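As you go down the protein sequences, you meet chains E and L in turn.
Okay, so the first sequence: first residue is 1 according to my numbering, each after it adds one.
Okay, so the second sequence: first residue is 1 according to my numbering, each after it adds one.
Everything labelled a hint here was simulated from the structure, so no lab data went into it.
Computed from a predicted structure; not experimentally measured.
Treat the hints with care, since some could be wrong.
[Stated by the list, open to error] In silico BS3-like links for lysine-lysine, alpha-carbon gap of 30 Å or less:
(1) L:547 to E:362
(2) L:565 to E:15
(3) L:225 to E:381
(4) E:381 to L:319
(5) L:225 to L:187
(6) L:571 to E:362
(7) L:335 to E:381
[To be verified] Chain L is nowhere near these chain E residues, computed Cβ spacing over 10 Å in every case:
(8) 15
(9) 32
(10) 331
[Said to hold, decoys possible] Chain L regions said to be covered by chain E (calculated; three or more residues, Cβ under 8 Å):
(11) 520-534
(12) 542-556
(13) 560-568
(14) 576-587
Note that the Cβ used here is the ideal one computed from N, Cα and C, for glycine as well.
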Amino acid sequence: MNQSGIYIHFPFCEKKCSYCDFYSIENLSKACIFTNSLLSEIELRSQRHESKPNLSSIFIGGGTPSLLPPESIGRILQSIKSHFSFGEDIEITIECNPDSTLLENLHDYRKLGINRISLGVQSFARDELISLGRLHTPEQAAAAFHSARSAGFDNIGIDLIFAVPGQSARSWSRTIDKALELGPNHISAYSLIYEKGTPLYKSLADGDVSRVRENDEVIYYETIIHRLAAGGYEHYEVSNFALSGKYCRHNLDIWHGGRYFAFGPSAHGYIGNQRYWNVRNIDEYIFLVGKGRLPVSGCEEISGFDCIAERIMLGLRADGIDPGRFQADFGIDIKSDIAGLIESLAEHNFIIPNESNIRLSKKGYLIADELIAKVVLAIEKAMN
Amino acid sequence: MKQFRNFCIIAHIDHGKSTLADRLLELTGRVSKREMVMNQILDDNPLEQERGITIKLHAIQMDYAANDGNEYTLNLIDTPGHVDFSYEVSRSLAACEGAILIVDATQGIEAQTISNLYMAIDADLEIIPVLNKIDLPSAETTIEDVKHQIIELIGCNEEDIYQISAKKGTGIEALLEAIVEKIPHPKGDPDAKLRALIYDSIFDSYRGVIVNLRVFDGTLKEGDKIRFMATDRVYDIDEVGIMYMNRHRTKELSAGNVGYLSASIRNLQDTKVGDTIVHASETGIEHISGFTEVKPMVFSGIYPADSDDFESLRESLSKLVLNDSAITFEPETSKALGFGFRCGFLGLLHMEIVQERLEREFGQNIVTTVPNVRYTVFKNHGGPVSIDNPAQLPPPGEISELHEPYIKAQIITPTEYVGNIMRLCMDRRGTILDTVYLSTERVDLSFELPLAEVVFDFYDRLKSISRGYASLDYEISDEKPADLVKLDIMLNGEPVDALSSIVHRSKAYEWGRKYCSKLKELIPRQMFEVAIQASIGAKVVSRTNVKALRKNVTAKCYGGDISRKRKLLEKQKKGKKRMKQVGSVEIPQEAFLAILSIDD
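With the hints as extra help, turn the sequences into a complete structure.
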């Protein structure tokens, strides 16, 4: 697997959502100069590679990349194409917000080679969308989805959020109904996290909103797991579900320890054995790239046990650890080194072990953090 | 010898001992004002500073030109300030001829002060009573009462009491004059055969053991061959000197003086506090009276949190014993915790200090088990045996009688808390022995109590029910038979030996219940339900459970930010490392001491 991915961060939104802690700004006037800087960054980064790295995926995220004019996207993809080589069945995703998804743009995306749409639906309950600070309505979300289908996209994913303040079991269930009715190829279901620095966090601190009770959160999570399983979706990562193998390849590669380039402010990449992240400020980004410097803000070398811990963490969160590959990569025979733990976890139905894979069960996903810490500690101990 | 004055300061915590010492050092020119910025020079161990108590002893020599025109040499010998260390106090008192009794003019006398004062009076020391903090406005209303307490206690006249403010420096000169005038100079014969008292010893990584001593008779010189009488160990002296702010070599020390010696001594156990030093060639010399071996009173298991660290823990304990000879330790095994050590301490505070030092100074990650006292078991067959671990208790059928140690406790309290304190002591199986009114507002209560009952958070309870006003001192009295049972704890059906305790039968049920609910509070929810049971023999007296963890997953969209995710994992891992895995259950370290906070 010598292919890499590319993540592009488009840091603009018409309006920031109350819960979001990704980097984006609401002032769109710098979008044009940003595009030029992004092209320069791709250029700068590419000078460091002798040959053209082979790509298996490109993910255009943000922010709200559907605000970007298709011709700008075209220029970006063109630039990537001149510095990288595209794998045969490369997956190219763009994130779209229902309120800025235009049919003509969708047609253009197709022409540019984009073959996957990730639609930020979040909820089909009007009041929940308002409390999340989303600009769209449930109807707009459905319309955007249909537009994408009619433009010919056969790989569409939608994002949903549960444990939203004011959410009830019934409204969550209705959102799931609606989602299943649309029949996207992929569903991501995240639980709402109150991140420091977000307006939502402040509302919580001020007592304007209250957290969903832990017990309800568990029920919502279990509900979506069961409903989507019944609908034929495969649960292949803590928060991700796919119909007939339509996994998000870009993310799956990341979770399998694959390498990816990152472009745009605050974007995170993993090249060689280094994880790096770009500056989280548009002006600084533009300035640095303008000076001919990579806009990297920090990096860390992943080696030794960190590498092993990441592989276990990401693998168990996703579709499992391949013991053969694990042994080849790290020289650790996971099945015999922590046989006792694996056996007891399997006995209690937390994991599903078989010859070529050790993965979490439905029950296991619910306490994934606990299990991962246990497994990582056990491996660490076995190594000493 | 006539110019020497050896004295100590007796005071309750916060009554101003260290501040007064600082002023004396400053006034005699031993320390400059600038150095005083590093306030309170005597307590130089960070743990001592934090807890406001003195653990290791110091002595400082000062020169003072008195009003009579003569130069005097003053040796201030420090004393520890906690009941766990009362033997050490008695030995440093034995090195003095006088004691300054400091009482906070706003607070009055506390139990610790009284018991140390009695020790000083027993040792025939000249007592100089001092009222401190007279500058505080609140002293105005209390000062007469406190004066009265002092007069009652030592039978002095009102004009014998010195009034000072150590903080402001008021009255210090007069006090220095009093030290010279009132405290008798040491008696002894510099030409007689050597007799010196060890009042403390510390371990120095470069020179080995440094022995702090007081010469009673004869002269101690560098190069002398000496013998420690109790341990019968012989050494050649490398260095002799006195203590200023640091060690100051004098090559010899003669009768009446206080100083130190070093002799490449590798083992602190050879230099027991209270022992007598003589010249190796001399025999038949009388021991300086008052020597006793310090015996540990409280025992607990200390285990490495990670069983791989057993050897490294042994090494740390061995090093710790080098400068705290009161600790005892020997290897033991627990089914639940694996290999560890049974350690003996002078008291609970001493145990906490050792625990903290192991963690802070030696970086050990340890699990400490429930402390207990030493019991004597009389068996149906065979002689009596001592046990210091509940796991060693034979089955009830084999025991004819079980004895436990008792203490005589002295509690001094404002009268309003007498009811609370009586209830606490009765609840702890105590008997009241005596009630003495020190004044209309303060009472001196004497109780007889089982030591085991005092070990379990008695002191904290006492403080909390008296709003911090009551003070405690105690001494071991004797052993008495008692109806005791072993309370076992089972987790998921498996007995956890490290959680067992020995309790009085009348309390076993209540304890079992409280213990279970405390454990329920402390043991975090985990993958499986954890059943907690308390039992006496085969009989389960209480049960509860910790429900299984339902959800512990971060279902968040991270993008490609794996570093952040990994940091969260690190945090989780760290939390887990603080736990001890017993069977399938993860037990946090605090849970092993849960029984200490059972009444919270």
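So, going through the hints one by one against the coordinates:
no.	hint	result
1	L:547 to E:362	holds, 19 Å
2	L:565 to E:15	holds, 27 Å
3	L:225 to E:381	violated, 53 Å
4	E:381 to L:319	holds, 27 Å
5	L:225 to L:187	holds, 24 Å
6	L:571 to E:362	holds, 24 Å
7	L:335 to E:381	holds, 20 Å
8	15	holds, 19 Å
9	32	holds, 24 Å
10	331	holds, 21 Å
11	520-534	holds (count 3)
12	542-556	holds (count 8)
13	560-568	holds (count 7)
14	576-587	holds (count 3)
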